[in-house]
Amino acid sequence: MLEVKTPKSERARRELGKRAPKLVENGKKTLILQGTKTSNVLNTVLTDIYHLKRGTAIKYSRRNDNIRPFESGGETSLEFFSLKTDCSLFVFGSHSKKRPNNLVLGRTYDHHIYDLVEVGVENFKSMDSFSYNKKLAPKVGTKPFFAFIGEGFESVEELKHLKEVLLDLFRGEVIENLNLAGVDRVFVCTVVSGNTVFLTHCALRLKRSGTVVPRMELVEVGPSMDLVIRRHRLPNDGLRKEAMKTSLEKPKKKVKNVSHDAVEGKIGKIYIPDQKVGDMELSYKAKGLKRERREAKMNKETSSHDSKKPKYVGKGNTSVECNQFFVVVKVISIVDEMGVGDYNAGVFPQSLLGDDKAIGFAQALQSSITRGI
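In this text, residue positions in the sequence shown follow full-length UniProt numbering: the first is 1, and each later residue adds one.
What the hints contain is simulated information worked out from the structure, not anything from laboratory work. Among the hints, a few may not be true.
[To be verified] Think about it this way: if two alpha-carbon atoms lie no more than 27 Å apart in a straight line, the pair counts; the simulated BS3-like pairs of lysine-lysine are:
1. K97 <-> K125
2. K98 <-> K28
3. K28 <-> K252
4. K59 <-> K37
Just so you know, these numbers come straight off a predicted model, no measurement behind them.
Generate coordinates for the entire structure from the input sequences, incorporating the hints supplied.
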């Protein structure tokens, strides 16, 4: 058996995690290999099966001398390859005089042989032998239909076993939702005799039918073959029960920053930016400050009322301030030659004494204010 080593890197740890048992397993992969001797027919069969399962299959081209699935000890190498490639399905081809064109289909559980079905291939037609419109060729990743025709699939033990293995081999990944455009092919299995099954692969051609449901036609695209059941081996009851064990609890998706505690229950972490509480205004005002603010406001209004002087604005660039004791007339920019300045009406510079217009203007303003008082 393959020695399991402790991972020394994160990449190796992730790979082992992918191969570990899960409640919902990954899609099954198929290992395709050949024995000591094979025929041309069997090589073509293995190649066509590999093309049908492209993306989920691994094909070995070397011959294996020591693989004999039905013999004790002959399954060791097969289980080794299953563990190495992480494949739970395998197709093994061999050819001998006693069993010509022999094909062994099997499944593994925990990388050990679970069950086996041995069939002989007869009347084989490859995919290349069919002529059809290449647009109808099935695409990679699509889902197939399965049609099992015959009562033997429900009553004969060998046929029931073959039905299970074929379904597991060709059904692909298990999904919940399906698009109608993604179903473009069908596997038709027909019971010909007690132990012979005719298997063919057909493409679906959708045509108009005048209703919502289209009319479907089958176009054979291959491969096509007769499978004659030779030997089969079922798992014992204990192994079957262990392999079919399922968990009643659905896996819960991990929620970020949430944990559970036996005492406190559900605990969550919330990350918020800096709120700058020191710069925020309070949403309420203390009642004890209202009286002080009101008194301060009244004192401020009283002082401003006493110090405020009534102001009368004259025409032009002049202003006059007065009260009951004195009158001050301010003249701004009296003479253009003097520039801009403030001058009292009663105190003019000596240079303005000769200007009759300026003195008369100031005296007129002073007399008008005096009459107003």
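Evaluation of the provided hints:
1. At roughly 22 Å between alpha-carbon atoms, K97 and K125 fall within 27 Å of each other, so this suggested pair holds.
2. Pair hint K98 plus K28 does not hold up; C-alpha atoms about 32 Å apart against a cutoff of 27 Å.
3. The straight-line distance between the Cα atoms of K28 and K252 is roughly 23 Å, inside the 27 Å bound, and the hint therefore holds.
4. In summary, the hint linking K59 to K37 is supported, as the alpha carbons are separated by about 16 Å, within the 27 Å threshold.
Hint compliance for this structure: hint 2 alone is broken.
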